[in-house]
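Protein chains: 2
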Amino acid sequence: MDEVRSATLERMTTPATDWLRLDQQICFSLNAASRAFGGVYRVVLKDLGLTYSQYLVLLVLWEHGELPVKKLGEHLRLDSGTLSPLLKRLEAAGLVRRERSARDERSVEVRLTEEGVALRERAVEVPRRISAATGLDLAEVQDLRARLDRLTAALDAYGTDPAPGPS
Amino acid sequence: MDEVRSATLERMTTPATDWLRLDQQICFSLNAASRAFGGVYRVVLKDLGLTYSQYLVLLVLWEHGELPVKKLGEHLRLDSGTLSPLLKRLEAAGLVRRERSARDERSVEVRLTEEGVALRERAVEVPRRISAATGLDLAEVQDLRARLDRLTAALDAYGTDPAPGPS
DNA sequence: CTCAATCCAGTTGTGCGCAACTTAATTACA
DNA sequence: TGTAATTAAGTTGCGCACAACTGGATTGAG
Chain Z
284 MDEVRSATLE RMTTPATDWL RLDQQICFSL NAASRAFGGV YRVVLKDLGL TYSQYLVLLV
344 LWEHGELPVK KLGEHLRLDS GTLSPLLKRL EAAGLVRRER SARDERSVEV RLTEEGVALR
404 ERAVEVPRRI SAATGLDLAE VQDLRARLDR LTAALDAYGT DPAPGPS
Chain D
284 MDEVRSATLE RMTTPATDWL RLDQQICFSL NAASRAFGGV YRVVLKDLGL TYSQYLVLLV
344 LWEHGELPVK KLGEHLRLDS GTLSPLLKRL EAAGLVRRER SARDERSVEV RLTEEGVALR
404 ERAVEVPRRI SAATGLDLAE VQDLRARLDR LTAALDAYGT DPAPGPS
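Line order of the protein sequences matches chains Z and D.
If you want the numbering used here, it's the position in the first sequence, counting the first as 1, plus 283.
If you want the numbering used here, it's the position in the second sequence, counting the first as 1, plus 283.
Be careful, since some hints might not be right.
As the list claims (entries may be wrong) - In silico lysine-lysine, DSBU-like type, Cα no more than 35 Å apart, as pairs:
id, chain 1, residue 1, chain 2, residue 2
1, D, 329, D, 353
2, Z, 371, D, 371
3, Z, 371, Z, 329
4, Z, 354, D, 329
5, Z, 353, D, 329
6, Z, 371, Z, 353
7, D, 353, Z, 329
8, D, 371, Z, 329
9, Z, 329, D, 354
10, Z, 371, D, 329
To be verified - Reference excerpt, derived from the structure (chain D facing chain Z, CB under 8 Å, subset only):
id, residue
11, 303
12, 312
13, 316
14, 320
15, 322
16, 323
17, 339
18, 416
19, 418
20, 419
21, 427
22, 435
23, 437
24, 439
By construction, these hints were calculated from the structure, which means they are not laboratory data.
Backbone N, C-alpha and C define an ideal beta-carbon position, used for all residues, glycine too.
I would like the entire structure built from these sequences, with the hints used as guidance.
Pasting the structure below:
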């Protein structure tokens, strides 16, 4: 985007102040959708006694089995500041056990309890109910996911790589 | 991942357990993108001394002028439980004033201070910097916004209107 | 007019997300 | 080998989001 000096041209390009309109902000739509999802998940997960974030942790554990906190965080884009108390709550709920790795005393392995494994049976229906609430078909979901993941990658690069190209 | 034996059936009906994979969850991509945005906004808004949510409140006030808390919440999809403490902080920062409406003593009018109005000048460049970080062009942004807004509407209807069709 | 229902802002309590920090263990290198 | 740098998990502090609730103002049905 170039700087427009001339007053005449300025009328033709959108005035900078219009970019400050709420309904122009992609991030707001994103944020709103994310929170709307939260509301639906809150209802759907109520029976299981889980929050959405706790559900995500269990998804990863159901898929990958025992994992150190670090790896869990890489899958979920969360750090120990978020995960430590969350895992403590999951442990208190009897769904998960944490134990120091023997191989590396810094690391803590997180694994499902019997109860945690068993919960998967009841969680199987969750994605279907969520999918129904979105009203999206598979192709739309995959397209949207791809776009969002690219967007996330671009945003992650900000600061790290302000000029993404051959230097 | 399982080897697919009976191609015809298995292809059409993905095993329910596969729906529990993290990378199938649209909400996770959404959530991740939203948080990635948060990181960029945190950097960009640091100079202004604002959080992203505070910035959104100011966007609405810059656009609409004085508003009661209720209306503010409707624009932002937030309730008083979130807005009250947030507005208190904005007031403490000297950007906003709150006063009981004379016409309706239940209502509280939120208006910008001189300082709050002045901050707009410095905020004008924010959308440009955010836009640069996303790497999206205008058409992509608008398409994505439209999709997300439709998704939000569908999710909002969940519970309220389980069968949205002509009756 | 009356009083019950509704509405608005605010408070409380819980959980998430993240920066900044601490502690302890491991690794690297001089 | 000894020590400095790095790494992992946890803690603290802050702000946001939301459910559930309170208290006071307004509205409306009778």
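Hints and how they fare:
1. D:329 / D:353: The given pair, whose Cα atoms are some 28 Å apart, holds under the 35 Å limit.
2. Z:371 / D:371: 32 Å, holds
3. Z:371 / Z:329: Status holds; Cα separation ~19 Å.
4. Z:354 / D:329: OK: residue 354 of chain Z and residue 329 of chain D at ~30 Å, within 35 Å.
5. Z:353 / D:329: 28 Å, holds
6. Z:371 / Z:353: Judged against 35 Å, a Cα distance of about 15 Å means the pair holds.
7. D:353 / Z:329: The hint holds at about 28 Å.
8. D:371 / Z:329: 32 Å, holds
9. Z:329 / D:354: 30 Å, holds
10. Z:371 / D:329: 32 Å, holds
11. 303: 6 Å, holds
12. 312: 4 Å, holds
13. 316: With a minimum Cβ separation of about 5 Å from chain Z (threshold 8 Å), the hint on residue 316 of chain D holds.
14. 320: 5 Å, holds
15. 322: 7 Å, holds
16. 323: 5 Å, holds
17. 339: 7 Å, holds
18. 416: 4 Å, holds
19. 418: 4 Å, holds
20. 419: Holds. Min distance 7 Å.
21. 427: Holds, because the Cβ-Cβ distance from residue 427 of chain D to chain Z comes to roughly 6 Å (cut-off 8 Å).
22. 435: 5 Å, holds
23. 437: 4 Å, holds
24. 439: Hint on residue 439 of chain D: holds, closest Cβ of chain Z at ~6 Å, below 8 Å.
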